[in-house]
Amino acid sequence: MTRINLTVDGARVSDDVEPRTLLVHYLREQLGKTGTVIGCDTSNCGACTVHLDGTSVKSCNMLAVQADGHEVTTIEGLATDGELHPVQEAFRECHGLQCGYCTPGMIMQSVDLLKENPHPSEEEIRLGLEGNLCRCTGYHNIVKAVQHAAEHGGAGQSGGKHAAEVPAS
Amino acid sequence: MTATQERPAAEIGRDRRRKEDQRLITGRTRWTDNIVLPGMLHLAMVRSPFAHARITAIDTSAAKQATNVVGVFTGADFGESLGVNINAWPITPDQVAPVHSPMPTDRVAFAGEVVAVVVARSAAEARDAAELVDVDYDELPAALDLKAAAADEVLAHPDLGTNKSALWRFDSAEAGTGGNVDEAIAKARTDGIVIEREYRQQRLIPAFMEPRSVVVDPTGEQLTMWSATQIPHILRFALAATTGVPESKIRVIAPDVGGGFGGKLQTTPEEWIAWAVARRLGKPVKYTETRSESLLSGHHGRDQWQKLTLSAEKDGTVTGFKVELLADLGAYVSLVGGGVPVLGAFMFNAIYKFPAYQFNCQTVLTNKTWTDAYRGAGRPEATFAIERMMTELAAELGVDPLEIREKNWITHEEFPFTTVAGLEYDSGNYEAATARAKELFGYDELRAEQRRRREAGDTVQLGIGVSTFTEMCGLAPSRVLGQLDYGAGGWEHASVRMTATGKVEVAVGVSPHGQGHETAFSQIVADRLGVPFEDVEILHGDTQISHKGLDTYGSRSLVVGGEAVVRAADKVIEKARPIAAHLLEASVDDLEFAGGRFTVRGTDQGVGIGELATAVFTAHNLPDGVEPSLDSDATFDPVNFNYPHGTHLCAMEVDTETGQVRMRKYTCVDDIGNIINPLIVSGQVHGGLVQGIAQALWEEAVYDDAGTLVSGSFVDYLLPTAADTISFEIDHTTSPATTNTLGTKGVGEAGTIASTPAVVNAVVDAVRHLGVDDITMPCTPERVWRAINAAGSGGTTEGAAMPHFEAGGAAGNQETPGASSTQGGLQ
Ligand code: FES
Ligand code: FES
Numbered sequence: 001m002t003r004i005n006l007t008v009d010g011a012r013v014s015d016d017v018e019p020r021t022l023l024v025h026y027l028r029e030q031l032g033k034t035g036t037v038i039g040c041d042t043s044n045c046g047a048c049t050v051h052l053d054g055t056s057v058k059s060c061n062m063l064a065v066q067a068d069g070h071e072v073t074t075i076e077g078l079a080t081d082g083e084l085h086p087v088q089e090a091f092r093e094c095h096g097l098q099c100g101y102c103t104p105g106m107i108m109q110s111v112d113l114l115k116e117n118p119h120p121s122e123e124e125i126r127l128g129l130e131g132n133l134c135r136c137t138g139y140h141n142i143v144k145a146v147q148h149a150a151e152h153g154g155a156g157q158s159g160g161k162h163a164a165e166v167p168a169s
Numbered sequence: 001m002t003a004t005q006e007r008p009a010a011e012i013g014r015d016r017r018r019k020e021d022q023r024l025i026t027g028r029t030r031w032t033d034n035i036v037l038p039g040m041l042h043l044a045m046v047r048s049p050f051a052h053a054r055i056t057a058i059d060t061s062a063a064k065q066a067t068n069v070v071g072v073f074t075g076a077d078f079g080e081s082l083g084v085n086i087n088a089w090p091i092t093p094d095q096v097a098p099v100h101s102p103m104p105t106d107r108v109a110f111a112g113e114v115v116a117v118v119v120a121r122s123a124a125e126a127r128d129a130a131e132l133v134d135v136d137y138d139e140l141p142a143a144l145d146l147k148a149a150a151a152d153e154v155l156a157h158p159d160l161g162t163n164k165s166a167l168w169r170f171d172s173a174e175a176g177t178g179g180n181v182d183e184a185i186a187k188a189r190t191d192g193i194v195i196e197r198e199y200r201q202q203r204l205i206p207a208f209m210e211p212r213s214v215v216v217d218p219t220g221e222q223l224t225m226w227s228a229t230q231i232p233h234i235l236r237f238a239l240a241a242t243t244g245v246p247e248s249k250i251r252v253i254a255p256d257v258g259g260g261f262g263g264k265l266q267t268t269p270e271e272w273i274a275w276a277v278a279r280r281l282g283k284p285v286k287y288t289e290t291r292s293e294s295l296l297s298g299h300h301g302r303d304q305w306q307k308l309t310l311s312a313e314k315d316g317t318v319t320g321f322k323v324e325l326l327a328d329l330g331a332y333v334s335l336v337g338g339g340v341p342v343l344g345a346f347m348f349n350a351i352y353k354f355p356a357y358q359f360n361c362q363t364v365l366t367n368k369t370w371t372d373a374y375r376g377a378g379r380p381e382a383t384f385a386i387e388r389m390m391t392e393l394a395a396e397l398g399v400d401p402l403e404i405r406e407k408n409w410i411t412h413e414e415f416p417f418t419t420v421a422g423l424e425y426d427s428g429n430y431e432a433a434t435a436r437a438k439e440l441f442g443y444d445e446l447r448a449e450q451r452r453r454r455e456a457g458d459t460v461q462l463g464i465g466v467s468t469f470t471e472m473c474g475l476a477p478s479r480v481l482g483q484l485d486y487g488a489g490g491w492e493h494a495s496v497r498m499t500a501t502g503k504v505e506v507a508v509g510v511s512p513h514g515q516g517h518e519t520a521f522s523q524i525v526a527d528r529l530g531v532p533f534e535d536v537e538i539l540h541g542d543t544q545i546s547h548k549g550l551d552t553y554g555s556r557s558l559v560v561g562g563e564a565v566v567r568a569a570d571k572v573i574e575k576a577r578p579i580a581a582h583l584l585e586a587s588v589d590d591l592e593f594a595g596g597r598f599t600v601r602g603t604d605q606g607v608g609i610g611e612l613a614t615a616v617f618t619a620h621n622l623p624d625g626v627e628p629s630l631d632s633d634a635t636f637d638p639v640n641f642n643y644p645h646g647t648h649l650c651a652m653e654v655d656t657e658t659g660q661v662r663m664r665k666y667t668c669v670d671d672i673g674n675i676i677n678p679l680i681v682s683g684q685v686h687g688g689l690v691q692g693i694a695q696a697l698w699e700e701a702v703y704d705d706a707g708t709l710v711s712g713s714f715v716d717y718l719l720p721t722a723a724d725t726i727s728f729e730i731d732h733t734t735s736p737a738t739t740n741t742l743g744t745k746g747v748g749e750a751g752t753i754a755s756t757p758a759v760v761n762a763v764v765d766a767v768r769h770l771g772v773d774d775i776t777m778p779c780t781p782e783r784v785w786r787a788i789n790a791a792g793s794g795g796t797t798e799g800a801a802m803p804h805f806e807a808g809g810a811a812g813n814q815e816t817p818g819a820s821s822t823q824g825g826l827q
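Residue numbers (my numbering), protein chains in the order written: chain A, 1 to 169; chain B, 1 to 827.
Some hints here could point you the wrong way.
As the list claims (entries may be wrong) - Straight line, CA to CA, 25 Å or less: simulated SDA-like cross-link-like pairs of lysine to any residue:
hint: 1; chain 1: A; residue 1: K115; chain 2: B; residue 2: K353
hint: 2; chain 1: B; residue 1: K665; chain 2: A; residue 2: E29
hint: 3; chain 1: B; residue 1: K353; chain 2: B; residue 2: I250
Claimed, not checked - If you want the ones that stay clear, here's a sample from chain A, every Cβ over 12 Å from chain B, calculated:
hint: 4; residue: A11
hint: 5; residue: T34
hint: 6; residue: V37
hint: 7; residue: D53
hint: 8; residue: G69
hint: 9; residue: E76
hint: 10; residue: Q88
hint: 11; residue: M106
hint: 12; residue: N117
It should be emphasised that the hints constitute simulated quantities derived from the structure, not laboratory data. From a predicted model like this one, the values you see are computed outputs, not experimental measurements. Beta carbons: idealized from backbone N, C-alpha and C, even for Gly.
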């Protein structure tokens, strides 16, 4: 067991984890952050996407111990003070989700995409989401949601509470 | 009494944002795998690596000794209490079907079959210990190729003596719905046109994004199963029917379910094993499959050979259509099983006025993963066949593919129309949908561009594909299902409950997994009862709450389930009427109900439905003999299927030097009757289109010569990504259905049913002038290139679905159409 200390959705947390534990399993099973989900075992689907220090990562593709000392934001921490992130709002507005299983990863990836490229073309959006699979929507409305978010305050906004903003626990 | 409710006009037709979304976009969901119960144990399955083998010994001792392992069980440990996985649709009385034990003890019949289960305190420990279970197998020859299996060359289940499960036939002459197809074909051979083709419907994997998961809690008076399923009610019935637990002691819950597409229309070995282990240990257990397990053991779809003969007069008037199918069931006859191709039996004649028709389907057992419903279930296969054939007929005659369709389709004036397959189409307007689609698509302009490129000898050629589909959905009239030997009915149930504060709870028997029922049904009830949209709560997916239902598949939720909701809501109004009359001191005959209020005609006296709910709650002042309740149930059994249709147009660019294809444009105009929520409809159409397009271009479940699924992960099974797809142009024309109150038609499967032939027709159209008349699906660049260069269908493309495998390695069992070893087909 290894002791890790990190910030998840603005809260400082500390746990003993097995060295082989994947970040996604740590989030789901030890922290109860079940908003982040698992869709595959080959790091292809992106359902598990979270932000590590503000950049999207597939949380099934890294170990919990690698997150030691870092800051993780999940879908559960994206809204601030009960206000949805503009990308969350855009997914609802544009019907960018059906079953919603890919949605946490899709939203986290879209936030990162807009941070890198605040006004992407359709082509750039499609390429930027290539690592996230959705079986329900056919992507049409997901692309629209990202475009909508870009036009409505989602561009360049990372979202979520950060360690600096919350008192130490 | 005064107005207490204010609400906007009609909810039906509004693009309401979905109620479901708040929890889904914030990660506050309850997927089955999120459920954690006190003392819960975790399961891992030990699966056969062989397609067909005798189990000679299973040694579980090492696994049992592993840390935190609580138990290891095989089928022998449970015996009959394990139950069986049932087939609910024996399509013929003499159907041959192996007994399907969830965990066989003597012989495995496909690679991935469960032979033992490990129970441990954590999922990781269970998986580790599963590696320690030592199983000895004697490998048996495996029946893998569908045509060879149909010839009984190798037996998938030696005890059965044959792989042929059932032969199902419909003949219009015998049924009295049309003429003799063989005579029509014989006549066309002398003085008409005969088009003969053989098409392959490759095996697909539903690949819902949420892997299946099951939790069983045996610690209450009712045993509870949570499952990522489309069918909680059918699941409960099947558990009761096969495991000896009374139905009244079983509660099944389908919480948030992450997609299904038919793939979760199943009762699975894993559910049965979890059920048995929890009962045995008296502890809650959870099993969640990995993606690889999901692709390997969740049922697959399609997998047919289609032998097709179309006869026509010289002017293009079709005189007959004969269909001979081989359908791969896989190792077991699944829940719907051979019923899937039979669902296509009535649809090969599609929108056309064929005078003679015959459908034959031989279902065949093989040593592969079982097959069952996948979005469209039988109808995509039928639509592909006829829409490819009509295009081939047009090519033969040298006319536009839309022209040949128009010559043969049922005209708007001819509705209602009884088809050669015996169905009565209630409404439709193929002319209107086609005209609108052509206009939106820019059909004439694109045809002109196609001509220009052809004349210029451009290396990138343009093809235009047409699919004018219809389908039968809204499963289904119970009486018809009975005639087809299906084991259950097709009705649906809803209850509307008025709470004391005037809010409305609606429990429905259909069970959504992404469709947006909570939103659409709220809109219907809001309009019906005249209450605010926000005041309606839709409850589903828990047999304790929605005690009765037949669940969600076959685009039935709105047209069957929605009608039950309408009828239950209408009963609430009728129950409220005498109470309103009593409170208003008026005669029942003088009351009108509108906008949520009963008013006395010609006065300003009125009372709202919410006030009446409060009045029955207190029950202080009700008319004599009136029950203090407005709550109402309705069970609706449809009298007919439901027939959405549409015209889909696709433009594909094909690079004739590399075989690369690129979708340029896709336009569809679907007639799905009246629309409840256009936003939800658009989502269903887009998602459906991409699944159908994926069959045409990318997806295929490929097995190697040993019967191992080589496309067994998301690295190898090519689900389309955002970068592979385009944005679509969709619109609607409207011919309301006449068989339900709201005039709605199903839309869940339409896109998938229609799009596959539109895409393949477009790819073939782009290169037809180079001598190509078919390309096998999926139309990979290699297949397209080979078709161009060898003027065939592209045939076997080694590694088609897995470009990184060595050529010649996999896909060895995929055959070239028309060039294979079969004598086993339909004679
Ligand atoms: S679960 Fe992480 S990419 Fe699929
Ligand atoms: S919404 Fe279901 S997988 Fe994307």
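Taking the hints in turn, this is what the structure says about them:
About 57 Å separates the Cα atoms of A/K115 and B/K353, which puts this hinted pair outside 25 Å; it is violated. Of the supplied pair hints, the one linking B/K665 and A/E29 is violated, its CA atoms being roughly 45 Å apart against a limit of 25 Å. A hinted pair counts as satisfied when its Cα atoms are at most 25 Å apart, and B/K353 with B/I250 does not qualify at roughly 49 Å. Every C-beta of chain B lies more than 12 Å from that of A/A11, the closest at about 15 Å, which supports listing it as non-interface.
Interface exclusion of A/T34 from chain B breaks down, the closest Cβ pair being 4 Å apart, not more than 12 Å. Some Cβ of chain B comes within 12 Å of the Cβ of A/V37; the nearest lies about 7 Å off, and the non-interface call is violated. Every beta carbon of chain B lies more than 12 Å from that of A/D53, the smallest distance being close to 20 Å; the non-interface claim holds. With a least beta-carbon separation of about 24 Å from chain B, A/G69 lies farther than 12 Å from that chain, consistent with its non-interface assignment.
A beta-carbon of chain B is positioned within 12 Å of the beta-carbon of A/E76; the least distance is around 4 Å. Here A/Q88 does not stay apart from chain B, with its beta-carbon only about 4 Å from theirs, under the 12 Å limit. Listed as outside the interface, A/M106 is inconsistent with that label: its C-beta sits roughly 9 Å from the nearest C-beta of chain B, within the 12 Å cut-off. Consistency note on A/N117: stated as away from chain B, and its beta-carbon is indeed over 12 Å from all of that chain's, at 15 Å minimum.
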